[in-house]
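Asks: Quick mapping for you: the protein sequence lines, in order, are chains A and B.
The first sequence begins at 1 in the numbering used here and counts up one residue at a time.
The second sequence begins at 1001 in the numbering used here and counts up one residue at a time.
Simulated from the structure, these hints should not be mistaken for laboratory data.
Quick reminder that beta carbons are idealized off the backbone N, C-alpha and C, glycines included.
Some hints could be false.
List time: in silico DSS-like cross-link candidates among lysine-lysine, alpha-carbon distance up to 25 Å [claimed, not checked]:
| no. | chain 1 | residue 1 | chain 2 | residue 2 |
| --- | --- | --- | --- | --- |
| 1 | A | Lys-113 | B | Lys-1092 |
| 2 | B | Lys-1299 | B | Lys-1027 |
| 3 | A | Lys-113 | B | Lys-1027 |
Beyond 12 Å from chain B on every Cβ pair, some chain A residues (computed) [claimed, not checked]:
| no. | residue |
| --- | --- |
| 4 | Gly-35 |
| 5 | Trp-65 |
| 6 | Leu-87 |
| 7 | Ser-92 |
| 8 | Ser-98 |
| 9 | Ala-124 |
| 10 | Tyr-176 |
| 11 | Phe-223 |
| 12 | Pro-230 |
| 13 | Met-277 |
Given next are the chains, with one letter for each unit.
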Amino acid sequence: MVAVASNPEQVRFISLLLRRRTVLIGLAVLALIAGLAILAPVTAPYAPNKLSIANRLKPPSGTFWFGTDEFGRDIFSRTIYAGQLSLLVGVSVVCFASIFGIALGLVAGFFRKLDTPVARFIDAMMAFPDILLAIALVAALGPSLATVIVALGIVYTPRLARIVRASTLVIRELPYVEAARALGVSTWRIMTRHVLRNLVSPILVQATFIFAYAMLAEAGLSFLGLGVSPEVPTWGTMIAAGRQYVGRADWMTLFPGIAIILSVLSLQMVGDGLRDMLDPRFRKDL
Amino acid sequence: MNSLPADIVLRVDRLRTHFELGSRVAKSVDDVSFDVKRGETVAVVGESGSGKSVTSLSIMRLLSPPGRIVGGQILYRAGDGRVLDVAAVSQKEMRRIRGREIAMIFQEPMTSLNPLYTVGDQIVEMIRLHEPLPKQEARKRARRMLELVEIPAAERRLDEYPHQMSGGMRQRAMIALALSCNPKLLIADEPTTALDVTIQAQILDLLRRLQAEIGMSILFITHNLGVVADIAHEVVVMYAGRVVEQASSQRLFERQKHPYARGLLACIPDASRDRTPSGERLRLNPIPGNVPSVMALPKGCSFAPRCPLRIPRCEEDPPLLVAEPHHLSRCWRHDEL
């Protein structure tokens, strides 16, 4: 990371990036959500599973900011704790998809003989609707947190693999890669030091999008009862539980829904900003 | 076992490199032989498509498929005295040879350095790749290398990125990078083509000076015969994948024994004789036509269709003939030239 910050071009890149208002707002919202979730024991006013029958289905008020659910649990506290899980799923899926996507993409881009089989495999996976594939995988592996992460990781691996492969094909032919080879640099070192380093930016863009999709998909799976067990608070399970009370206690679905929207939207804004920065056609105005 | 005379660093012996595309075969390098002596420069000259770059890539074993060495030997005397057939050694051995024994610089100084790393980083990487030196030592050596290639303020330049340097400066940095592990042979593939003329002359000067100081051999690939006169001891002229003329630089510039080499020289403008005695401007004499595709070579002498001296006998493929002692020519009419 020291090397990243010491590169003047990248310092300039980051400062230009932060000058975009959408990126700045996105990052701020994201930091707020992440901060609240990570510090949940401090930030949440109540324990997420503290029952209080006297306070069933209370609307938002000074005591219960987001209201309470059918067991009198504080929605605000539960939303914050649920954020932990959503972030965990998002980060884990991004890591999973990055590791396998980068590996597959580099192999396909670098070794001509493996290109066709790997690329066709990736295309075949891309042809499957995301959520359907995830549902099928969870159904096959059994619902649990680990399963959700693995299933979503598998679903989003091809997205990264495709981008890494395409960029590798270009960079592999650049003169400095040939020069490195002519000076005795091994293929592995060329792949990691010369090719992968050049791919950091597009991978970062894709990773933010995958982060957002994964959070959304996790909520969807939980809503459908295919994620973690229903008593664990996640935004998806909270909305699923609140569904029966729509009309009577709208706040049960409203606030977890807003949490999903805000986190996905802010990630998309950051991702869009990053992508625009990397596209010379959009950079002109800066 | 392979053996080489003591003063020869590299012997390319009947090298044949083909590109097989389906049923068609491109004979990009066909039966090419030459020696590179210790401390000397051999220039390989030819137009685009003559096979000169493929020859250099064959020596480095950097051909990309479907290119393949199909015959001949590339004998190289390694630092430890062994004579290796570069065309046959393992990939692992080859990696050790690249950079440490044989280094290469390229035509595009603008893109031959990785834009993401400082010049110092790249030289240090290269040194530490081949020698177990601590970082600080490697950095010191990197600075000395930059000084050696006459880059001013070497210490500061080490921490600069390639985009902060000019083309000539980058080519110098590239030369420093290539020479940082003391290779015995430097392959320079059109190192001055992308540079303007004054910088070109500086780089040639530099290479000549480095050769005198370090004693390395240079295999210089170029299409510019004018450059060759400045630097080469021996010249190999290639055409359509074959050697058509080979002689010492001095001899070749005095007297060409192949119409192609003569044609190449006639293309170089010369300010001292660009007017006739009556004051008219002389026209340059380009060689008509193009190099034939190595996929579809004409029958007989491959230069014949463009040759002003063509005779019926040229239907028959001429061998490489000894025109004079140490002067080879692939032309039936070499003694008339």
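Asks: Of the hints stated earlier, which fail here?
Replies: 10
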